[in-house]
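The listed protein sequences derive, respectively, from chains A and B. Note that the numbering used here has the first sequence beginning at 1, numbered continuously upward. Note that the numbering used here has the second sequence beginning at 1, numbered continuously upward.
Watch out, some of these pointers could steer you wrong.
In silico SDA-like pairs for lysine to any residue, Cα to Cα no more than 20 Å straight-line [said to hold, decoys possible]:
| # | chain 1 | residue 1 | chain 2 | residue 2 |
| --- | --- | --- | --- | --- |
| 1 | A | 121 | A | 40 |
| 2 | A | 338 | A | 223 |
| 3 | A | 158 | B | 46 |
| 4 | A | 158 | B | 44 |
| 5 | B | 91 | B | 31 |
| 6 | A | 121 | A | 36 |
Label-pair distances were calculated between CB atoms; the ranges are [to be verified]:
| # | chain 1 | residue 1 | chain 2 | residue 2 | range |
| --- | --- | --- | --- | --- | --- |
| 7 | A | 294 | B | 29 | 25 to 33 Å |
| 8 | B | 103 | A | 402 | 58 to 66 Å |
| 9 | B | 69 | A | 158 | 41 to 49 Å |
| 10 | A | 418 | B | 77 | 34 to 42 Å |
| 11 | B | 49 | A | 414 | 32 to 40 Å |
| 12 | A | 402 | B | 85 | 49 to 57 Å |
The set of hints was computed from the structure by calculation and includes no laboratory data. We treat Cβ as the ideally placed atom computed from N, Cα and C, and that holds for glycine.
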Amino acid sequence: MKVKSVTIFGLVLAGFLLWGAQVVQAQESDAPPFIDGGATAWMLTSTALVLLMIPGLAMFYGGLVRSKNVLGTMMHSFAAMGVMAVLWVICGYAMSFGPSTLGGWFGWRSGLILLSDIDDKIMAQGVPEYVFAMFQGKFAIITPALIAGALAERVRFKAYCIFIALWGLLVYNPLCHWVWAEDGFLFNMGARGAIDFAGGTVVHISSGYSGLIAAIYLGARRGYPTLTTRPNNLVMTLMGAGLLWVGWFGFNAGSAISCGLDTARALTATQTAAASGALMWMIIEGLHHGKATALGFASGILAGLVAVTPAAGVVQPGGALVLGAVASWVCYGAILLKNRLGYDDSLDAFGVHGVGGTVGAILLTFFIRKSWMDEAAVAAGGSWGVISQLWVQLAAVGIAIAYAVGITLILLFVVDKIFGLRADRHSEMAGLDDSYHGERGYGMLTAS
Amino acid sequence: MKLITAIIQENKLDQVREALIEEEVYRITVTRVSGRGQQVSDCVYRGQTTTPNLVPKVRIDIAVNEEWVERTINAILRSARYNGGSVGDGKIFVTPLNECIRIRTGERGCEAI
Chain A
1 MKVKSVTIFG LVLAGFLLWG AQVVQAQESD APPFIDGGAT AWMLTSTALV
51 LLMIPGLAMF YGGLVRSKNV LGTMMHSFAA MGVMAVLWVI CGYAMSFGPS
101 TLGGWFGWRS GLILLSDIDD KIMAQGVPEY VFAMFQGKFA IITPALIAGA
151 LAERVRFKAY CIFIALWGLL VYNPLCHWVW AEDGFLFNMG ARGAIDFAGG
201 TVVHISSGYS GLIAAIYLGA RRGYPTLTTR PNNLVMTLMG AGLLWVGWFG
251 FNAGSAISCG LDTARALTAT QTAAASGALM WMIIEGLHHG KATALGFASG
301 ILAGLVAVTP AAGVVQPGGA LVLGAVASWV CYGAILLKNR LGYDDSLDAF
351 GVHGVGGTVG AILLTFFIRK SWMDEAAVAA GGSWGVISQL WVQLAAVGIA
401 IAYAVGITLI LLFVVDKIFG LRADRHSEMA GLDDSYHGER GYGMLTAS
Chain B
1 MKLITAIIQE NKLDQVREAL IEEEVYRITV TRVSGRGQQV SDCVYRGQTT
51 TPNLVPKVRI DIAVNEEWVE RTINAILRSA RYNGGSVGDG KIFVTPLNEC
101 IRIRTGERGC EAI
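Hey, can you work out the whole structure from these sequences and the hints?
Structure representation (structure tokens):
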């Protein structure tokens with residue numbers, strides 16, 4: 001009897017809710033915005049794919065450190081998922097994609113705080129703006145997480161969290177605004193803007209050069225380079241590299257904010273450059289050392305992917321092949337040079353992301369498809385050539401490097417003075433896992 | 001000849017190694033082990049304090065000639081204590097070593113150490 005009355009009550013309640021929902025729908029359908037189901041579905045998928053890159057990065061970096069630091073290093077990526085995603089919703093999106101303020105330093109619209117204005121907004125591309133905001137938010141997560149590769153095994157966890165929060169606010173958001181917002185000054189530089197399809201300057205150059213500065217500021221790990229460290233788990237590193245490659249299809253092919261020709265072009269360029277980079281690294285190592293290492297192959301994948309990131313929208317497969325291969329050559333050289341110079345960019349955040357991003361952003365100029373250049377010529381009201389675009393690319397790269405380096409230096413100094421950036425001697429020797437997390441990564445290996 | 005076996009806190013391995021290298025003791029074998037002495041180690045997992053019955057430790061084996069025994073022991077004592085000495089810092093066992101043979105050359109005894 002009791003069950004029956006509950007059921008009836010539930011049915012009545014459900015009826016009311018359905019009726020209410022229909023009324024609300026009817027009211028909203030006064031001006032029905034057009035939703036492109038295909039584009040929205042692909043953007044939702046891309047958003048998930050880019051998020052997958054962050055555990056991928058955690059595995060890639062986590063496998064490369066010593067076993068006493070494996071959790072601490074993976075937590076650098078995971079903590080970014082918490083810190084940056086919360087900041088992005090609170091004010092990051094407003095700072096990146098609001099209208100320019102303070103002379104275009106960053107964007108701002110108070111209505112975008114907590115994304116409150118976009119609750120019912122559908123963008124011109126037929127995609128709900130929530131999807132776009134979440135997609136862009138994933139980029140804001142992975143960028144500071146990339147810097148962690150330069151700080152590995154010796155940074156205090158608390159200071160790291162505060163550093164990436166400030167870095168996201170003061171370096172990432174302004175750069176993102178300049179390059180991708182419609183009123184950003186790099187977006188409008190030259191005939192059709194500085195080309196940065198999916199984040200060569202915003203993501204890879206900014207994090208790479210900031211990482212270089214942070215590695216130099218922090219100093220080398222204890223015992224570096226005489227006590228060379230052996231990666232604790234290259235198997236995990238390879239799995240991470242695989243996840244990064246898969247996730248990159250969302251990263252690049254999602255950056256078209258559509259589901260059509262541009263998406264297909266970006267996807268093809270991404271696959272081609274990654275494969276070409278990996279193959280080239282294997283060949284270089286084979287010639288140089290006589291053995292092709294697994295870590296080298298993974299590094300080649302990354303070098304190719306990083307280089308094609310700014311270029312995926314404008315280069316054809318031939319150009320992508322060259323970009324990936326050249327990026328591997330240059331990054332390989334940069335890592336050799338690092339060992340010569342002796343600064344401790346532990347996991348080569350600069351060697352791969354900084355250098356690869358720079359190579360991609362500049363070299364792409366020579367492989368832009370003809371239709372893009374024709375449209376640029378029309379936009380410029382006459383002619384627009386490779387050299388004109390090269391100046392725009394060089395300017396964008398230079399500005400991104402100068403800005404990232406300058407602000408990072410200030411942030412490092414401030415965070416270091418207030419919180420202490422460098423792990424103390426005992427904590428570093430005992431390992432980040434024990435010192436900052438009270439856990440051990442590989443408990444299963446011992447009987448306990 | 002003596003075999004010095006030390007069971008130490010796992011997060012003290014780096015300190016002990018540095019102290020041994022300072023004393024020019026370079027030849028060393030390190031294993032991860034787990035066991036139980038006086039120490040009851042509490043770990044916090046998801047807010048719950050648990051007590052594993054076997055505690056992870058690091059075991060160091062060093063074979064030395066007589067004149068190196070004391071300086072090796074002192075180096076370990078100096079570097080393996082936690083906060084000047086805590087329960088769980090471990091033990092050092094010294095056992096007589098009957099023979100030592102270098103596989104590459106077949107040398108035996110003190111020369112092979």
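(Q) Hints numbered earlier in the text: which of these fail when held up against the supplied structure? (A) Violated: none.
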